[in-house]
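Chain residues, written in single-letter form:
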Amino acid sequence: MSLTAPIVDTETVLSVENLSVYYGNFLALKDVNLSIPQHYVTAFIGSSGCGKSTLLRCLNRMNELIFGSRVLGKINYRGTDLYAPTVDPVDVRRQIGMVFQKPNPFPKSIYENIAYPIRINGYQGDVEELVEQSLRDAALWDEVKDKLKQNALSLSGGQQQRLCIARALAIEPDLLLMDEPCSALDPISTARIEELIQQLSQQYTIVIVTHNMQQASRVSQMTAFFNTTSDEAGSGHGYLAEYGSTEQIFSDPAQDVTRDYVSGRVG
Amino acid sequence: MSENLAVSRPVSRWKPQRKLSQWSERIVYCLFGAFALLSIATTAGIIASLIVEAIEFFKVVPFTQFLFDREWTPLFANPQYGVFVLIFATLMTATIALSVAIPLGILSAIYLSEYAPPRLRRWLKPALEILAGIPSVVHGYFALIFVTPILQALIPGVEVFNALSAGLVMGIAILPLVASLSEDAIFAVPQSLRQGAYALGTTRREAIQNVVLPGALSGIVGACILGMARAVGETMIVTIAAGQNPRPINPDLSFLDPRISVQTMTSFIVQVSQGDAPVNSIEYKTIFAVGMTLFTLTLLLNICSFWFVNRFREKYE
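The listed protein sequences derive, respectively, from chains H and W. Here the first sequence is numbered in my numbering, starting from 1 and rising by one per residue. Here the second sequence is numbered in my numbering, starting from 1001 and rising by one per residue.
Don't read these hints as lab results, they were simulated from the structure. Computed from a prediction, not measured in an experiment: that's the story for all the values here. Positions of the beta carbon are idealized from the N, C-alpha and C atoms, including for glycine. Keep in mind that a hint or two might mislead.
Unchecked claim - Interface residues of chain W toward chain H, partial, derived using beta-carbon atoms under 10 Å:
hint, residue
1, R1119
2, A1197
3, L1200
Claimed, not checked - Restraint-style ranges between C-beta atoms, simulated for each label pair:
hint, chain 1, residue 1, chain 2, residue 2, range
4, W, W1023, H, R70, 56 to 62 Å
5, H, R119, W, A1188, 22 to 28 Å
6, H, Q202, W, P1103, 49 to 55 Å
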């Protein structure tokens, strides 16, 4: 299988080398190689169970919170091996933030949701200022500035998700991972978040997992398509089928499986 | 009764026995309802008998005397009925029990739910709950013949029967309840909140302290209050290990000395029901008055726990 090497004229933030992930004895993802370019939005697409969320969780070592998961291979983040024994996963997650499928604000006030990660990570500047800045960056400030003391759970789903994005941005991450951030939201909230992702991509490097191919083509510059093999026993493993610029993946994919998927013939 | 719609179809190879199933539904409904009613009726009957006999008691002994007498000597020739003697003893043993059960219970709940690997948790939690199955009479003798001698060796002035030993062992006895209910509350905090915390660069301790425990707080407090209710109503341990010595309420607070023998509400009821107090004698009625007091106290604690859990429960959706 030949992977189209992305022609990228930018610095690489993170590169994945021969990564395989097991859950117990089950091989979820096999031999992934790819690199994430700086200041780009990279989309992971593919059908359910192909390992794209698993790979995303490996990038900030969230995957090891799942009991029985094992990671083989290497992830290089700006010259450091993320899985080296000397690396503390807490430091990794501090640099590589994450937004989840379902909005998961803490059952605290809106203000406290943002201020908590700021304080816990030892921010030396003005906390209040950074809270406001983060909410502005997540395009939420105007909607919540008069009710910062209210419980975050009183917000709508879309607002909660933007609050979670604000919370992730508050600690000034180098890389932002988003795991299907719009899958629990209505179309209008989805459009707002997509708009937000485009704005953020000028400042941040973003990796987004999505089931929605239009979303991938709208927001990303790079796209990785994941697929599943199936053996006789019926238990296949996920692998990276094709990786390239979003334009190329959607208009001129190198592989038939990719063409079938992006044209909507399967999945 | 509804018409049999199947009949109106031209091809009727289907003949459901609607009549029969309607009758069996009705019978099952009545039968199960009757059993449900039976358990409620039993509870109502117990409360009614408590109230009736307690009213009889208060016809003889004025309510003010029951509240304000400083001694509890209903079996003496010149009886006094200061129920607070028993209430204070009950609260003292319960407080000692809770000072054991709450810290140990919550800490083991945190360990079980947050730190123990899943395989260990699968073993430990049932093991903890088996502790709750130890008969309280065993706990009572454990307190009397094992814990008390140790306390006597360590602390001067500990009597053979004492509140301290009974309270400590009672704490062990209610520990599984507090731990198990707290663990349920902690485990019920959605996994997505923990992940949210970890993804922001929090350590495990920070995530537990700032996100998980605040989310589980209402359930934990509820568990502690239920533990208190259990400690207040616990009978065998205090009867065996704390003795039958109602201490007069003196200004020197000697009645709160945990080294000496006391009498709780429950152990008084045991004492009188084991003796030969004739039915309808004042001694006999006394146990209903004390029983009523005990019931009121535990009911209040249960309501308190229920209210707290519902009022402060975080709704995550």
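Status of the hints after comparison with the structure:
1. Hint status for R1119(W): holds, given a least beta-carbon distance of 9 Å to chain H, under 10 Å.
2. This hint holds: A1197(W) has a C-beta 7 Å from the nearest C-beta of chain H, less than the 10 Å allowed.
3. Residue-level restraint check for L1200(W) holds (minimum Cβ-Cβ distance to chain H is 4 Å; threshold 10 Å).
4. Roughly 59 Å separates the CB atoms of W1023(W) and R70(H), a value that falls within the hinted 56 to 62 Å.
5. Between R119(H) and A1188(W) the CB atoms are about 26 Å apart, so this pair conforms to the stated range of 22 to 28 Å.
6. In this structure the supplied range 49 to 55 Å holds for Q202(H) paired with P1103(W), their Cβ-Cβ distance being about 52 Å.
Violated hints are absent here; each numbered hint is respected by the structure.
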